[in-house]
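Same order as they appear, the protein sequences are chains A and B. This note's numbering numbers the first residue of the first sequence as 1 and each following residue consecutively. This note's numbering numbers the first residue of the second sequence as 1 and each following residue consecutively.
It should be emphasised that the hints constitute simulated quantities derived from the structure, not laboratory data. Treat the hints loosely; a few may be bogus.
As the list claims (entries may be wrong) - Reference listing, derived: stretches of chain B covered by chain A, where coverage requires no fewer than 3 residues with Cβ under 8 angstroms from a Cβ of chain A: (1) 13-22; (2) 43-50.
Stated by the list, open to error - Computed list of lysine to aspartate or glutamate pairs in EDC-like fashion (alpha-carbon distance at most 20 angstroms, straight line): (3) K156/A <-> E296/B; (4) K156/A <-> E276/B; (5) K136/B <-> E148/B; (6) K265/B <-> E276/B.
We put the beta carbon where it would ideally sit given N, CA and C, even for glycine.
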Amino acid sequence: MEQERRTKFAAWVAGEILPYEPKVRSWLKRNRTTPEDVDEVIQEAYCRLAMLKAVDHIDRPEAYFFSLCRNLLLRRLKRARIVPITTIAEIEAASPDTGPSPEREVAGRVDYERLLQLINRLPERCRTIVRLRKVDGWSQKEIALHLATTEKAVEKQIWLGVKAIRAAWDEAEADAERSFQALGSSRGGLA
Amino acid sequence: MTSQDIVSMREEAAAWIARMDADRWGDSDEDELKAWLDQDERHHGILLQTHAIWISMDGLGACQSHESEGQSTNKDASRRLFLAGGATAMVASLVGGIVWLGSPLRYSTDIGEVRRLTLMDGSIATINTMSRIEVKTASARREIRIDEGEAWLQVAKDPTRPLIVSAGRARALALGTAFSVRKLAQGAEIFVTEGLVKAWPDTAEGAGVRLAAGEGAFIGEDARVVRLTKAAVDRALAWRFGNIDLLGQSLADAAVEFNRYNKRKIIVADPVTGSERLDGTFQFSDPEGFALAVGESLSVPVDLTSTSQIVIGRYSNTADKKSEGYPGAGSLFP
């Protein structure tokens, strides 16, 4: 039951928060935040999300996530005490641009292209298993049968895959801005 | 915190995700995970983010098929739909859904706004301009009520919990499919893009129709059920791409359609111009461009001087100035 709740919550985050993470990251970067600070703010924001008992009061998740990060950044800056007061004022005045879609609609998806590239860079065995699991939708058990190996061995390859993709996810922030703009300019990506 | 800390936390989180992904999660796994989460507050956030990244990869199959095979829109939509369901497949496979979020969720859009939401069950709702919807999820069923406007729903497959959409008196039932429901003053329009939908007027279930992909129906508040043409479905859903598709509609009806999306209203000054039939695809956010194109092709004047309206055609001395809203206008397709 706990596990079911956890998975539902993560699915909600995958659909509503994750697609906007690159945008929030690049906003943080534009505001004189070091890469380590960006990582920590984002991490702390996910931590705050994880503590939520329910999300039904969140009408605009991307704006909520943005405010969360903005407030965490402000707290850090105020603690640092050497930041020009104008910076703080600017950040306080910032609001997420939630202009009318279809741009927003298109932007509200994770960048599958990038994910596929990440998979393609995995070591061969790991790549095969991650592709079977995520692209073809097989279960770990089915993969183990198919490859005549143990479920434990499959789980280990999945672990390596999650780990590598997770690491690349954070590193890719440098070109996130660019890919985000590319997403925004391509129309009609929904159907 | 050192970055080394973070790296090892991420590796541990990845291991937990791989273990959850294996589908043999038990009480002892749960206890061990709880112990790990209790070790450090940051573990919660790292686990959540990693879990979400892993789940978001469920959309890859659709992306892949799109790239390599160049599938038709319909088939592609079905793949995506299947994958939207995939995100919750694990949830569905666990016995006995429970009420997780008891209170209903309400969403609304402003004029010209289109919102796309992932609902708790993995279904996706794309909400058109000026709409209000309410979403309720219970253990045995899912309910979406359209109070105003229109939504296109890509329903995550979950045979244990049918999804029922209501709009006024109209009802539509889906298991795993994609369709739109638009509420109008006199009834509701239902357009199916994928799968099968059963639609009926409330209290008159016998009058219901089964609609397959490409089919649509109008369900009146008076319990009237009218099947709509196949061609209407694609046109009616052009808004998902920010478009208004016209195929022989009158200028007056097109103006009503544009006015759904824009504060700056198109007014057709004379009924003769208003009855001209039009073809073409236009961006709903660009009424000015539409008006100028119409002005040019029909050789009628277009007045853009007011910021609150755009007047197409010339007022004749006797013409009624209210000609932009012909009686019955409100939908292009009943």
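Evaluated hints:
Coverage of the segment 13-22 of chain B by chain A holds. Counting CB-CB distances below 8 angstroms, 9 residues qualify, and the rule asks for three or more. With a cut-off of 8 angstroms between beta carbons, the segment 43-50 of chain B has 7 residues touching chain A; three or more are needed, and the interface restraint holds. Between K156/A and E296/B, the direct Cα distance comes to roughly 66 angstroms. Violation of the 20 angstroms bound is thereby established for this hinted pair. With a C-alpha separation of about 66 angstroms, the suggested pair K156/A and E276/B falls outside the 20 angstroms cut-off, and the hint is violated.
With a C-alpha separation of about 16 angstroms, the suggested pair K136/B and E148/B falls inside the 20 angstroms cut-off, and the hint holds. Between K265/B and E276/B the CA atoms are separated by roughly 18 angstroms; this keeps the pair inside 20 angstroms, and the hint holds.
The structure does not agree with the numbered hints 3, 4 stated previously, though it agrees with the rest.
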